[in-house]
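**Q** For the protein sequence lines, the chains are A and B, in the order given. The first sequence maps to residues 1 to 198 in the working numbering. The second sequence maps to residues 199 to 396 in the working numbering.
Hints listed in this document are in silico derivations from the structure and should not be mistaken for laboratory results. Please note that the accuracy of each hint is not assured.
[Stated by the list, open to error] Listed next, the stretches of chain A that the computed footprint assigns to chain B, with coverage defined by at least 3 CB atoms under 8 angstroms from CB atoms of chain B:
1. 2-10
2. 70-80
3. 183-192
[Unchecked claim] Facing chain B, according to a computed beta carbon distance under 7 angstroms, are these residues of chain A, among others:
4. Q60
5. G62
6. G63
7. Y67
8. Q88
9. F91
10. A129
11. S130
12. V134
13. T136
Just so you know, these numbers come straight off a predicted model, no measurement behind them. Every residue, glycine too, gets a C-beta built ideally from N, C-alpha and C.
Here is what each chain is made of, one letter per residue.
2 protein chains.
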Amino acid sequence: KLTYFNVSMRGEPARLALTIGGIPFEDERINGESWPALKSTTPFGQLPFLTVNGTTRVAQSGGILRYAGALANLYPCTDPLKAALVDQVVFHVDDISNAVYCTIHESDAAKKSLARKTLAESKWPQMFASLERVITQHSGGKWAVGDSMTVADIQIYVIVSLISSGLWDGIPTDLTEKYSKVHAIYKAVQSHPKVVEW
Amino acid sequence: KLTYFNVSMRGEPARLALTIGGIPFEDERINGESWPALKSTTPFGQLPFLTVNGTTRVAQSGGILRYAGALANLYPCTDPLKAALVDQVVFHVDDISNAVYCTIHESDAAKKSLARKTLAESKWPQMFASLERVITQHSGGKWAVGDSMTVADIQIYVIVSLISSGLWDGIPTDLTEKYSKVHAIYKAVQSHPKVVEW
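In isolation and in its complexed conformation, chain A is listed as follows (with noise of 0.2 angstroms):
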């Protein structure tokens, strides 16, 4: 059972990933008023958390991320080196949707509008023109590690559709389509059967 807000930010590559590898699991989603008094049930007070076997409780969406996508056959267990080249773009785009995170409780609409501006034109172009370089060293042809999908694909998929959505404020729904080989993977995740049903 996957337990998070009904929103795609931090829980939601799990969520996929337990979905395209058809591993079936409970998708809960909490609201505003219920999570005050879960709050403190949680391993460390956050979501999400994943409960397997009915009583083990795993906090942290990275390690979330990781495990569903050993069981979906997504995530390279057996090969340490693949595995670390996964890892590195999983984790940069976390560095990339922090980046944005960060920006969202900015009370002052001022310097929000301006931390948006400074993402759009000269933080984000620099980080996604860097995942583009690094894709194009390991990818073996349309996924982002090797030749088979993978949770990177993923979380590439998870943050460019955030980003095309309009979601942000400041931030160009088509910032992230220059960049070629980012841009065909979140195509070919987007039409993967399991996500289209999703």
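Guided by the hints, dock chain B onto chain A, whose structure is given.
**A** Frame of chain A; chain B shown alone:
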């Protein structure tokens, strides 16, 4: 070859994992002078990175630590649920570390002092208390997860060492001593023969 600055922060757990596991590696330490020229040649413009077989550069400290842990038999690659339990500790210690790293570059002395006070009196006590509780659930004895040392223990050792060293103004050097399991893990890693030698 592991390339990082000559400090004991993000790259240190991987150095220790390789050392404890007896995996030979070149310990390349970069100074401020040579960093600007090196920066553009790294995968994401950051240190640490690992060079494998002389050619493949792998970035992101979290991925490097897991890879080093896999080589050193300190990361349970073949048991995904146990790996997720190790990961949740590693990620939580990253959160603990990031909370102080955020205060390092604050140039306003009053703001920095307030941030350190909040960290020392409220934020870190909560974070170490939840770490202690999670260890209690999953430890098989003296280590954080199960009955042998993992990279989770090394992460704990590094953050407790940094706190104990008095590196950060406003943070009491004995802050972690009342968390008995956390402190016992710190002592156990500290007294490992390879760490004593290091």
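**Q** Would you mind marking each hint as holding or not holding in the structure?
**A** Checked hints:
1. Counting residues of the stretch 2-10 of chain A whose CB lies closer than 8 angstroms to any CB of chain B gives 0, which falls below the minimum of 3, so the coverage claim is violated.
2. Closer than 8 angstroms: that is the beta-carbon criterion, and the stretch 70-80 of chain A has 5 residues meeting it against chain B, so the requirement of 3 holds.
3. Check result for the stretch 183-192 of chain A against chain B: violated, 0 residues qualifying (beta carbon to beta carbon below 8 angstroms, three or more required).
4. For Q60 (chain A), the shortest C-beta to C-beta distance to chain B is roughly 4 angstroms, which falls under 7 angstroms, so the interface hint holds.
5. Given the 7 angstroms rule on beta carbons, the hint for G62 (chain A) holds: about 5 angstroms separates it from the nearest Cβ of chain B.
6. Hint on G63 (chain A) holds. Least Cβ distance to chain B is approximately 3 angstroms, under the 7 angstroms limit.
7. With its C-beta approaching chain B no nearer than about 4 angstroms, Y67 (chain A) sits inside the 7 angstroms limit, and its interface hint holds.
8. The interface hint given for Q88 (chain A) holds, since its Cβ lies 4 angstroms from the closest Cβ of chain B, which is under the 7 angstroms cut-off.
9. With a cut of 7 angstroms, the hint placing F91 (chain A) at the interface with chain B holds, because the nearest CB-to-CB distance is about 4 angstroms.
10. With a cut of 7 angstroms, the hint placing A129 (chain A) at the interface with chain B is violated, because the nearest CB-to-CB distance is about 10 angstroms.
11. About 5 angstroms separates the beta-carbon of S130 (chain A) from the nearest beta-carbon of chain B, less than 7 angstroms, and the hint is met.
12. Given the 7 angstroms rule on beta carbons, the hint for V134 (chain A) holds: about 5 angstroms separates it from the nearest Cβ of chain B.
13. Proximity of T136 (chain A) to chain B is violated relative to the hint, the smallest CB-CB distance being about 11 angstroms (cut-off 7 angstroms).
In summary, the numbered hints that this structure violates are 1, 3, 10, 13.
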